[in-house]
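*Asks:* Chain residues, written in single-letter form:
2 protein chains.
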Amino acid sequence: MLGTCEDTLFELFHGAIVSTILKDATAEEEIDERISKLEYIGFSSGLRLAERFTRDLPRFKDELDIIKFLCKDFWTAVFKKQVDNLRTNHQGVYVLQDSKFRMLEKVSNGRQYLDKSSRLLVYTCGLIRGWLAALNVPCVVTAEVISMPACKFHIHLQRSS
Amino acid sequence: MLGTCEDTLFELFHGAIVSTILKDATAEEEIDERISKLEYIGFSSGLRLAERFTRDLPRFKDELDIIKFLCKDFWTAVFKKQVDNLRTNHQGVYVLQDSKFRMLEKVSNGRQYLDKSSRLLVYTCGLIRGWLAALNVPCVVTAEVISMPACKFHIHLQRSS
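Residue numbers (our numbering), protein chains in the order written: chain A, 10 to 170; chain B, 10 to 170.
Bear in mind the hints are in silico, worked out from the structure with no lab data behind them.
Take the hints with a grain of salt, since some may be wrong.
Note that the list lumps identical chains together, so a pair holds whenever it fits in one copy or between two copies.
Lysine to any residue pairs mimicking SDA-like chemistry, simulated, CA-CA at most 20 Å apart [said to hold, decoys possible]:
1) Lys46 with Leu73
2) Lys32 with Ser53
3) Lys81 with Ile30
4) Lys125 with Pro158
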C-alpha cells in the first residue's frame, strides 16, 4: 500500500533541504557556500555508494564503459530510469540528457522553483562526481535545466596528461 | 546489482545533512534552531506523504488503530521493518521501540555520533508528527537513543478536551 513511500520520502527530503538552503541564505556568497556544501554532500554520497557496491561492479573496459554504466545501471538504481541521451565530443566531455528527471519532476508542480531550479541538480552533480572519482575518473560536473523536468549534466573529465 | 542503492542514498543524504547541521553551528541557540528546522522538514514530509497516500489508507477505527498502522505499515514502508514494541499508558502516551533503527544502524559505524546520536532521530520525530497530524491526531513526538542502534519514540497526543 505504501510501497513507493521510500522514493517519495527521499524526494521530499531533498526538495525540502534545497528549499531551506535557498530560503535562509540571503547574501550571494552565503548561497554559493551552501550550494557548494550540498555538492560536497552529493560527492561524499557518490563515493560511499561506490565503496559499498564495489564488489558488485563489473570490470570496466574503459572510460566510456564507466560512463555507460552510469547512464544505465546507476541512473536506474537511483532515479528509476535510464539517461535518455548520451553525447560526447570524444575529448573528455560527456553530456547526459534526462528528459524527465526525477528530482525535478515532482517538485516542479506548484512551486516557484523555475528560476532557481538548477539548484535542484547540485546534489546530483556531486553524486556523479563522487561515483566517478571512486572509479578513478576525476571530473567536474555541471548541470542545466532545459525545461522542467528535462535537464542536462555535463561531465568534464580531468585528465592528468 | 545496485538494487538497494536508493535506500542507502536516503540514509547517506540524511546522515550528511544532520552532520552538516551539527558541524556548522556553534552556538547552542543556533543548533536548536537548526534542529527545529529539521524537525519541521520531517513534519512537512509526513504531512505530504499522508496526503499522497490518503486514498490508499484504510478507514481507522480509533486512535490506537492509527498508531498500530504507523508501527506496522508506515514503519515498514519507510524503515523496512516494523516497530518492535509498542506501549501505552492509555492516557494518550505511546512509546514505540525500535531495536534496530535504520537511521542509526549504518551511521553508527565509525562515526563519533554517540553523544549526539539523538539528533539523528529529529527528522523522524517530525515525520511521525506530520503523518499523525494529517490523520487528525495532533501530538508532540520526542525520541531517545537507548543504545545504538536501538531507540524509543514517545508520542504524546494533544487532546482538545
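*Asks:* Using 20 Å as the alpha-carbon threshold, which applies to lysine 46 and leucine 73: within, between, both, or neither?
*Replies:* neither (29 Å within a copy, 42 Å between copies)
*Asks:* For the identical chains here, do lysine 32 and serine 53 meet the 20 Å Cα criterion within one copy, between copies, both, or neither?
*Replies:* Answer is between: at 15 Å across copies they meet the 20 Å cutoff, but 24 Å inside does not.
*Asks:* Is it within, between, both or neither when you check lysine 125 against proline 158 at 20 Å Cα-Cα?
*Replies:* within (13 Å within a copy, 38 Å between copies)
*Asks:* Evaluate lysine 81 and isoleucine 30 at a C-alpha cut-off of 20 Å and name the case that applies: within, between, both or neither.
*Replies:* So lysine 81 and isoleucine 30 fail the 20 Å test inside a copy (30 Å) and across (33 Å) alike.
The structure does not agree with the numbered hints 1, 3 stated previously, though it agrees with the rest.
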